[in-house]
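Generate the whole structure from the sequences, applying the supplied hints.
Chains as they are written, first to last, in the numbering used here: chain W, 1 to 517; chain B, 1001 to 1517.
It should be emphasised that the hints constitute simulated quantities derived from the structure, not laboratory data. No residue lacks a Cβ here, since even glycine has one placed at the ideal position from N, Cα and C. Some clues are possibly wrong.
[As the list claims (entries may be wrong)] Here are the simulated DSBU-like pairs of lysine-lysine, each with C-alpha atoms no more than 35 Å apart in a straight line:
1) K144/W with K1020/B
2) K140/W with K1034/B
3) K1140/B with K80/W
4) K20/W with K1080/B
5) K140/W with K1080/B
6) K34/W with K1270/B
7) K1498/B with K11/W
8) K140/W with K1270/B
9) K20/W with K1011/B
10) K1140/B with K34/W
11) K498/W with K1020/B
12) K1020/B with K20/W
13) K1080/B with K144/W
[Said to hold, decoys possible] Simulated coverage check for chain B against chain W, where a stretch passes if three residues somewhere in it have a Cβ under 8 Å from a Cβ of chain W:
14) 1026 to 1040
15) 1067 to 1075
16) 1195 to 1207
17) 1500 to 1509
What follows is each chain in one-letter form.
Protein chains: 2
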Amino acid sequence: MMKDQSLWIRKVSLSPPSLKDNTADVDRLVHALKTELETRTIEIDLPLARRIPHLLRIFEYEVACILFRGSESWHLLSVKSPSDPRITAGLAVDLGTTRVVLRLLNLLNGSVLGETAFDNPQIEIGPDILARIHFSDMDKGLEKLNALILGGLNEHIQRLCAESGLEPGDIYALSLAGNTTMTHLFMGLDPHWIIREPYIPVMNRMGLYLAEDLGIHIHPRARAIIFPNVGSYFGGDLMAGILYSGLNRREETAILVDVGTNAEVVVGNKNWMIACAGAAGPALEGGMSRMGMMAGPGVIDRVEIDPANLGFRFHTINDQRPRGICGSGVIDLAAQLFQKGMMDIRGRLVPARCGNRLVEENDMRHLVVVSAEDSATGKDLRVSQADLDSLIRSKAAMYSILETITMAVGLNFNDLTTFYVAGTFGSFINPASAITIGMIPDLPLERYESIGNSSLEGATMILTGKGGLQEMDEIRNGITYMELNVNQDFMNRFSAAKFLPHTDPFRFPSVLKPLGT
Amino acid sequence: MMKDQSLWIRKVSLSPPSLKDNTADVDRLVHALKTELETRTIEIDLPLARRIPHLLRIFEYEVACILFRGSESWHLLSVKSPSDPRITAGLAVDLGTTRVVLRLLNLLNGSVLGETAFDNPQIEIGPDILARIHFSDMDKGLEKLNALILGGLNEHIQRLCAESGLEPGDIYALSLAGNTTMTHLFMGLDPHWIIREPYIPVMNRMGLYLAEDLGIHIHPRARAIIFPNVGSYFGGDLMAGILYSGLNRREETAILVDVGTNAEVVVGNKNWMIACAGAAGPALEGGMSRMGMMAGPGVIDRVEIDPANLGFRFHTINDQRPRGICGSGVIDLAAQLFQKGMMDIRGRLVPARCGNRLVEENDMRHLVVVSAEDSATGKDLRVSQADLDSLIRSKAAMYSILETITMAVGLNFNDLTTFYVAGTFGSFINPASAITIGMIPDLPLERYESIGNSSLEGATMILTGKGGLQEMDEIRNGITYMELNVNQDFMNRFSAAKFLPHTDPFRFPSVLKPLGT
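Here's what the structure looks like:
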């Protein structure tokens, strides 16, 4: 295991007490551990201290100790037989607004013992952050939201352990990364002020807790690391993402983007980091309501239009009959429509090119993406002009956010050596298509790197020794947060970006070229 | 308040959050406190963190904070209105085997708000340490002993608070000093091995706890400082005594003696300290069972014998009719008997000098100290030859302990610039009498200093800012403990000291002189 891990397992061999060395039992163990770990302070909870004399005698002064390394001191969590076969486990949690992912880890070697995901049970209260915050203002509202997520976590922890042949008591450390509101609701902190000017959380630096004090039933002395927030709109999930991407450890400047309901962006390197967040996602994840939005079986995630006959080709998830289209599919579709002249630079469907795919309904143009006979639903899968307008606004917002933050530190897009795209969005998006519609800058494709569920990966890293609490603090302290809501430059840039690919097409040479040929 | 106190009250004035400064509520408060206290770490329990946004708004960002200063970090305990009239109190506890003393303190100025004492409720299980340790080996024995002392403490804390117009929730810090076994029973630590070779406690370095976790019901976030032990026979009460005496801060070498059932001794100065403990007290506190032993109303604490007519004069506590004799009275009596030739150098009563005060009973000589008609009990108050033999052994043990520890560091008694005598024994003993029987060395009387209940005073100091946690650790780490049970020198010295004042009378020139005149 590496030097900066959170949980340590140490075997120590003590000389039994004698008249010549009558050091007290607990002091004897602590002294050996201090020497072994080269530390000044080791804290032991009273319930464990009470059992140590018996444990030392049962195990004949040869014991395996499980320790948690906090920022200021070490905590002894358990004393076992050195031959105890039970696994010392940790749990990484990605606490999403919609989906919660749990990963069970063997902390001795970092291997994954199991993984599970479940819908955030708070969805029954409200699908999004805003609805839940409003609910939390009601009598016992916060308590109910808190109980829902704790209930869900405890239930699935138990299941996951059972599946892996473990018990919850085998989990000695938990790390949790979520957005600011989810973290507040998990910790029972009132999110009321997050959505009210001047938009402040109860706290950003979360730190270290007894899991039991948070209401999580694993080992009674297990510690919980909660990833800190940078602000109301830049949460611990992004902090975990930064940790995982390694952006904070690199000499060269990179950018990290996570797109959900909000787009959250960090630009920086080992010396500095700047972050911002803005509403950019509705069209990508939630706006196409009629067609369905979430990735899932039968959802279109790739679209191609044959330049010869303008025929549509799809890829659906699990290769099932199409029943909807997800964010990456919509971006593909829009890029193809634009490239094939079926959509103009203002994002308007072009009747002359769309032909009989265009239908009029409620005084609005719709494009039939999949006809009723080909779809899984028995109905046309359509995209309305309004849907496409919404997409244009989203992509304009995204590009403006990226431009504003990059310019704010005096850089051009070309200075960004790597462009990390996090989240499920990042896993499915086709960067070429996103460039075609001017959503992301026209950089060489190899600079784009999808890093998957970086929130879960960051939470895993802090447990398995590839990232430490100290690094987490350094990231948190090193980030400058830029408020976009009060930024006039951002508004100007947003207007200019509402064209395909942009008012200034020379920013997208790779998009211009194919049109020119 | 001084710089090294445990509990701090700080008023802070925060600028309210704004769009230009949207630091989170808790972080805002922590930042201000860190600046104010020049510290790196401030820890806040979750239940308090949850309430901070509301408290800051109610008090309009002007608050008074109560903080506890631990060894590694600060702990925020409470956030109040700066005009809150409630007193911030602390509680010092002297946890004796027989008697428990509580002192309630105003932590803003160190003043005493109230004091109370009660018999240790564990007496119902056994009067002494040994009986209680044996009881703790039985099923649920430790739990019962623990519950008894916690029950007693909580009940008397409530009473003391009520008498002082406070509530237990006003107490934010507790410090407790007791011998090793009492501390173990209070903390629920198994004392089993304390009395079994090689005589080791569960732990010596007690440290810092939530009072609530120890079962003490005061403020839910109140911290408890438990004085550490040096070993099984040198407990936290002595540590507190050292802190109070200031022996550890002085350039000159001094000695501190506490006599209860054991005699506990420390010799040292600011550079080094050596400690030992030995059985020395039975005759002083418990041996005179027939006459009663504890100081109390009607108990003889001073004795004088008229050299002209050998008539006895007494002083009794509260000037009531005599009903017993306490340790200091016995020492006075023995010194007077020896000086007036009524007892020889081997401690034998001399019939020729004792006259009709001498009675024979069960083949043993007894001295009538108070006749039936003068006593409060209507019976003679007598001292038997066996009682006196026991006293001689006690005084020999005491002198040998003092001699062994002093010689062990290459000093003579004369190098000891101050001789602190702690405890109730110290408060009542007449040093001249103790010197006369050779119990303590023949030093100028002004070197003897009685320091009263130094355990309670030390516990007070650590709360009121005249001694810090760090100093406590330094004392603990600076002490070398010397085992007397395995010391042959001690046994030789003990034999030589079983004469009055000593086999070598030239060690006691001040005792020789009056005899010589």
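Hints violated by the structure (numbers, ascending): Hints 4, 7, 8, 9, 12 and 17 not satisfied by this model.
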